[in-house]
Amino acid sequence: MRIARVAADAAIAVPGVVGLRAGALGLHVTSGGGQRVHGVTVTALSDGRYEVDLHLVCALVALPALAERVRTAVVGSAAAVGLGEAVGPVHVRIEEVAGP
Amino acid sequence: MAMHPAETTSEAPTGDTASPLRTSRGETTIDDGVVTKVAGIAAREVGGVHALGGGAVRAIGAMTQRVGIGDERTQGVTVEVGEREAAVDLTIVVEYGEPIPRVAEALRDNVIRRIEGLTGLSVTEVNIAVSDLHFPGDDQPAEPDRVQ
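Which chain is which? The protein sequence lines are A and B, in order.
Read the first sequence against our numbering and you will find it ends at 100, with the numbers running on by one and no gaps.
Read the second sequence against our numbering and you will find it ends at 148, with the numbers running on by one and no gaps.
Simulated from the structure, these hints should not be mistaken for laboratory data.
Beta carbons: idealized from backbone N, C-alpha and C, even for Gly.
Incorrect hints may appear among the rest.
What the hints assert, rightly or not - Some, not all, of what chain B presents toward chain A, calculated at C-beta under 8 Å:
#1 Val34
#2 Lys37
#3 Gly54
#4 Arg58
#5 Gly61
#6 Thr119
What the hints assert, rightly or not - If you want the footprint, here are the derived chain A segments under chain B, 3+ residues with CB under 8 Å:
#7 28 to 37
#8 67 to 80
Isolated chain B, as found in the complex (with noise of 0.2 Å):
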């Protein structure tokens, strides 16, 4: 795709490497709770991926959700946003059945795309910890054993 430089040159990065974000009519900054979603949003479309979070901040994330506090799609995640880069850290439960490593590297691959295709940030890593294995059962509530 050959352009005119007169036509890139409202474009061209300021910066020492290119990024999208900062431009010579002014920079582009995006808040860490921004990229947090994002990347929560990316990571629920992984099949094999049954939630995110652990226990005990599911636990508690059903609580704040139920007060109407907390994001469901945001737990589990942490960020960490630079001028350029980010740095996403998950915990994730999986189903039962799926090989944790593919579900990890189809996780990995999912969340660096969505988060440079949308916000313009280079993703530097993403570190992934299994917290949890669920069963199919699981969610069925246990029917009591009453009658002999």
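Only chain A is shown next, with the shape it has when bound in the complex (with noise of 0.2 Å):
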């Protein structure tokens, strides 16, 4: 759960990023401790890390540039908050853009 909040507020905050996106049926949702963080699964991976999948509406802007700053932001927050060897993969979704 905590991964999730702090994937969630570090991919929002990067430029390009316009929202997170639970899907139409609310599947990619993190729930736990009364909070839901709308657009971000974690998944347990087998090695102790836990894999990130971060599913975006973004601009329209050149996508795996901007997937590769939202990784690096994201690994750089769990870091800074003492989570840098929990998290595992991190796999951008863009769901949509938000266009012109």
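Work from the hints to combine the two standalone chains into their complex.
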């Protein structure tokens, strides 16, 4: 749950990211501690780390570079709060672009 | 551009072919709707393309847009998106007088450039169907000739 919150906050702060999207069925949500983080799912891996899936709505920019900036931001924020070791691969799912 | 190997390791692709969408730090997926939108916007940028979609599609599109559920930018565009490749089908209306092969070629170039530039997917094919021609006078409503 903490990872999801940190990842969501880090991702939304990246320029070009417009929002997080829980999906039409609301499946991409992490719940815990009475809170819900929309657009982020966190999955435990066998090596003890956690895989993070981010479902994003983005501006119409070069998307692979944006995804890379999101990854850097998420990993950096996680490390800053002492969760750096816990974060495994960060998968970026571009669900929609907010176009002109 | 010489780079130290150490600097590039974080971006080294894990797959057999290099793709900017699969990195050692996680993969990037791009929804069909995103590629459709990019293709639609790119197609409209090309000179000689009057509109996208066939007659029936445009009639239905005009109606759905009026009630607020349609998006003009995605009509006439069908895409298939894989992990690192995309194929695009476009239905277009060409301005009368424009050479269709040249319009098609420019359209193909622009759509491929935009999709590859913005999404990192490699475009395997762009199929273009020309559904109609547009004459410059088509948009003006015909003046009823009532005075004898």
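Consistency of the hints with the structure:
1. Val34: holds (5 Å)
2. Lys37: Interface hint status for Lys37 of chain B: holds (5 Å vs cutoff 8 Å).
3. Gly54: violated (23 Å)
4. Arg58: violated (20 Å)
5. Gly61: violated (16 Å)
6. Thr119: Holds, about 5 Å.
7. 28 to 37: violated (count 0)
8. 67 to 80: holds (count 4)
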